[in-house]
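**Student:** Kindly generate the complete structure, drawing on both the sequences and the hints.
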Amino acid sequence: MKTLLSILLILTSLSLGQSRSSTTATNNKQLIYEEQIKSAGIINLSNIILLSDRINFSTIDGNQNYISVNQMSSFFRQGFSLFIDGQKFENNIFDMNDINLLPISIEQIDSVEIIYSPQLYYGTFADKGIIHFHTKSPEKGFSVNASYIVANETGDPGPYQFTDYSTPNVDKLNFINTATLMSAGENWSLKGNFKLEENFVTDPAIRKRITTLSSGSNKSHLKSGSFQLMFNLLNKPQQIFVGYSTQNTFFHFKPYGNEIPVNRIVSHTGFSGGFDLSNKIELNYSLIMSKNDLGESVNNKDLKFDFGLNNYYGNIEGVYNSSLLNWSVGLTYNEYIGKSTTELTSAQMLFTEFYSSLNYLITENFNQSFGFMLKKLNNDVSLKAEFGSNWQLNYRQNLEFNFAFANSMFEEDLNFWSWVMRGYRSNIVELINFYEVGKKENSNKFSIDLTYNYIYNDFKFEAGSSFRTDSDIYSDEQLFQYDKNNSSLYSPVRLNYNTRASYLSLNAGVEFLLFERFKNKIFYNFSRVLNSTNGSSNYSEVQPLHNISYSIMFKPVDSFGIWARVRYISSTVWTEYKYIDIQSAEKYSYKIDPKLLLDLSIEKWFWNKKIWTNLLFRNIANNVERYHPIGTSLDLRFVFQLHLYFNSLFE
Amino acid sequence: MKYILTILFFLFISLESNVYGQNNIQEFSTITIMAKTSYRLHENVINSEWSSSYGLELYSEMPFYAGQIGLGLHFVPFNSNTENPDFNIYSFYLSWGSSLRISNSISFFIGIKAGAAFFSFASSELTQYERLESELSLGANSRFSYYLNSNLGLNLELAYVKYFTNYQIKQLSALAGIEYKFSTSKWFRDFFN
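Residue numbers (the working numbering), protein chains in the order written: chain A, 1 to 651; chain B, 1 to 193.
Check before you lean on any hint, since a few could be wrong.
To be verified - Listed below are the simulated DSBU-like cross-link pairs for lysine-lysine, each with C-alpha atoms no more than 35 Å apart in a straight line:
hint : chain 1 : residue 1 : chain 2 : residue 2
1    : B       : Lys181    : A       : Lys555
2    : A       : Lys219    : B       : Lys170
3    : A       : Lys136    : A       : Lys280
4    : A       : Lys587    : A       : Lys223
5    : A       : Lys604    : B       : Lys181
6    : A       : Lys604    : B       : Lys162
7    : B       : Lys162    : A       : Lys587
8    : A       : Lys140    : B       : Lys186
Calculated from the structure, these hints are not laboratory results.
**Tutor:** Below, the structure written as structure tokens:
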């Protein structure tokens with residue numbers, strides 16, 4: 001380790017680095033544009049993962065998703081990084097990272113960048129993947145955008161509710177209202193957004209479990225607002241972003257086994273930007289304060305987390321740019337304060353980070369990048385590094401290679417257990433019976449990604465493979481027992497410190513135009529756990545082996561389009577729930593059958609692109625669509641969207 | 001059978017578009033308004049509990065980039081035979097299809113439709129929230145139109161609609177009505193483009 005550190009420091013002293021804007025030589029990412037989002041009838045931020053070729057996800061309530069951006073199991077932590085316009089957002093708490101809590105709305109999005117390889121990105125070493133939302137820049141003058149979205153699931157009883165054929169009512173799934181006010185001048189822009197989302201938990205699979213604790217309605221309610229000011233100062237853009245989200249929801253807390261009503265509060269105040277010190281050297285900064293609370297919501301057992309996290313983040317980065325290389329050096333102050341009425345032995349986790357990266361051209365067609373980060377907490381230090389190569393074989397073909405290593409401390413993902421070990425207690429913690437196995441050590445994660453691209457006019461082919469191997473990661477292993485009387489689950493937790501797992505993912509995709517304006521895309525993804533030990537074997541089959549999708553987008557004119565997609569997702573097995581079939585009299589099953597899903601979306605613009613409407617049918621064939629053993633079974637759903645875009649009203 | 005009907009439908013669309021060249025009609029250039037009365041032909045489980053026969057439909061249609069697009073509201077009242085409450089179905093739907101001119105005065109239309117059906121229950125015992133329930137409806141229809149002159153016509157229609165309640169309600173109806181066609185103004189066409 002010492003030798004490796006010495007080499008890294010020598011490399012740094014030799015002026016190797018990379019700029020904030022071009023973070024790595026490799027490009028293992030997917031860009032999703034507004035046109036695709038609209039064509040596919042995406043209704044909210046978390047829904048965007050449905051357009052990702054490689055994200056695996058599972059969901060219990062159909063709205064909050066457990067996702068894996070770096071192509072591992074969705075159960076190996078929700079620590080993926082979230083960004084909006086270059087600022088990092090902290091939504092993750094106790095392993096739930098709800099994207100919908102971001103204080104922006106769907107009609108604001110210009111593009112979404114999903115990065116699958118571990119890498120240094122905006123001063124963060126993101127080893128679990130990155131989702132970066134880029135919002136639209138307002139047009140000059142004053143603009144008003146708004147949306148009204150309603151989603152409904154089929155299967156209501158209708159008039160049969162008065163007969164012997166009566167079945168439980170299935171309410172509408174989502175109701176979303178958003179409004180954005182914008183203004184822009186020569187060197188500045190201003191955006192204000194308000195979002196209201198309601199999600200209804202009515203599926204029989206979870207309704208009873210939720211009403212066991214919830215004394216109120218079965219409705220999850222999200223309100224968010226944000227304010228964004230961008231201006232140019234000394235020829236560089238500066239940004240102030242203030243956002244606030246509050247959500248009454250049902251928080252599925254796996255160690256407890258069930259959903260607990262909570263009142264989530266997430267706030268963000270960020271300043272970021274940069275200055276040119278010379279024509280080759282720039283200085284970037286980012287100052288962020290955020291609050292992430294698991295607040296109390298009234299419930300029948302008076303269960304409350306009594307926990308929140310405050311984050312104070314400061315980053316400064318110097319970048320040297322030349323025609324052959326760019327080099328960056330940065331320093332980050334990242335302080336988390338745990339808030340609880342119980343006395344914590346240490347409420348503060350202060351991470352200081354030093355990083356440097358270099359992106360350099362070896363030949364005109366071949367460039368490489370190298371970056372590392374040293375992260376310090378108290379007396380512990382961890383090291384993360386990445387190395388990437390990008391070879392433009394000719395004007396049609398491109399080959400990329402990325403290697404990353406991440407040594408991480410147990411506390412780095414701010415997990416529930418590290419706070420429990422610091423004295424955090426609540427009446428929920430008291431209900432959890434856990435025991436530790438093994439020795440707590442820093443985890444080591446290696447990953448290799450290889451990507452090949454071929455582009456010829458409107459034809460695009462890509463193929464790639466990812467290999468990940470982790471050692472000494474922690475896993476909370478459970479074996480759930482089901483109580484039929486109140487539909488609840490219980491399991492002690494075996495906290496394994498020395499879990500190992502290796503994953504392999506292979507993918508290939510092709511995009512082409514069949515006729516003019518008739519886009520086709522076929523993508524295949526294969527993911528497999530190669531080996532797993534000490535607790536991770538429970539998760540070895542929770543990720544589908546095969547995932548195939550074929551989508552078409554037909555736009556005969558600019559103002560009208562049809563999008564359709566058929567997806568096949570292979571079966572999964574959830575060993576932690578292996579007794580649930582018998583104990584629930586087959587209401588649930590720990591084996592989830594393969595899914596064949598067909599979606600159809602129709603969009604139409606009116607009034608010179610001032611009004612946009614969309615009609616979406618998901619799971620048209622009404623097949624069983626279930627992602628989690630104790631989760632909802634999604635039937636045929638239909639969604640109506642109306643968006644208004646009144647731009648440049650008063651110039 | 002479903003697949004054969006689907007294939008026949010798309011063959012028909014293809015005929016209309018390519019052989020007869022009727023797709024030269026400018027999109028959104030005319031609007032046809034129809035008022036129809038419907039008669040339910042098909043029996044359902046709910047017939048043992050409620051009786052219904054006649055309904056009303058308002059419908060408007062205009063040329064689209066391919067075929068015709070339409071917007072309709074179908075109202076069907078159901079009267080209870082037991083102590084259950086009476087209810088009405090208000091079905092708002094969008095339709096798309098294609099028409100073929102058989103002669104100067106007769107045309108044949110075939111289309112598909114999708115919409116939201118609202119079940120409105122007449123019961124003071126139910127809460128305001130419980131009195132209205134909505135559900136997806138999907139269906140298909142075919143229609144003969146006989147034109148008395150260039151604007152005015154009579155039509156006969158057969159429509160099949162499936163409401164996606166947990167136990168699905170399937171409804172086969174015969175409809176008859178009048179239709180009136182007129183040209184749209186420029187602002188109207190601009191709005192839709």
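**Student:** Taking the hints in turn, state whether each one holds.
**Tutor:** Consistency of the hints with the structure:
With a C-alpha separation of about 28 Å, the suggested pair Lys181/B and Lys555/A falls inside the 35 Å cut-off, and the hint holds. Restraint check for Lys219/A and Lys170/B: satisfied, since their Cα atoms lie roughly 31 Å apart, inside the 35 Å limit. Our distance criterion of 35 Å between C-alpha atoms is met by Lys136/A and Lys280/A, whose separation comes to about 29 Å. The suggested pairing of Lys587/A with Lys223/A holds, with an alpha-carbon distance near 34 Å, which does not exceed 35 Å.
For the suggested pair Lys604/A and Lys181/B, the alpha carbons sit about 24 Å apart, so the restraint of at most 35 Å is met. Restraint check: the Cα-Cα separation between Lys604/A and Lys162/B comes to about 25 Å, which is no more than 35 Å; the hinted pair holds. Using a Cα cut-off of 35 Å, the hinted pair Lys162/B and Lys587/A holds, with the two alpha carbons roughly 28 Å apart. Under the criterion of a C-alpha separation no larger than 35 Å, the hint pairing Lys140/A with Lys186/B is consistent with the structure, at around 29 Å.
Violated hints: none; the structure is consistent with every hint.
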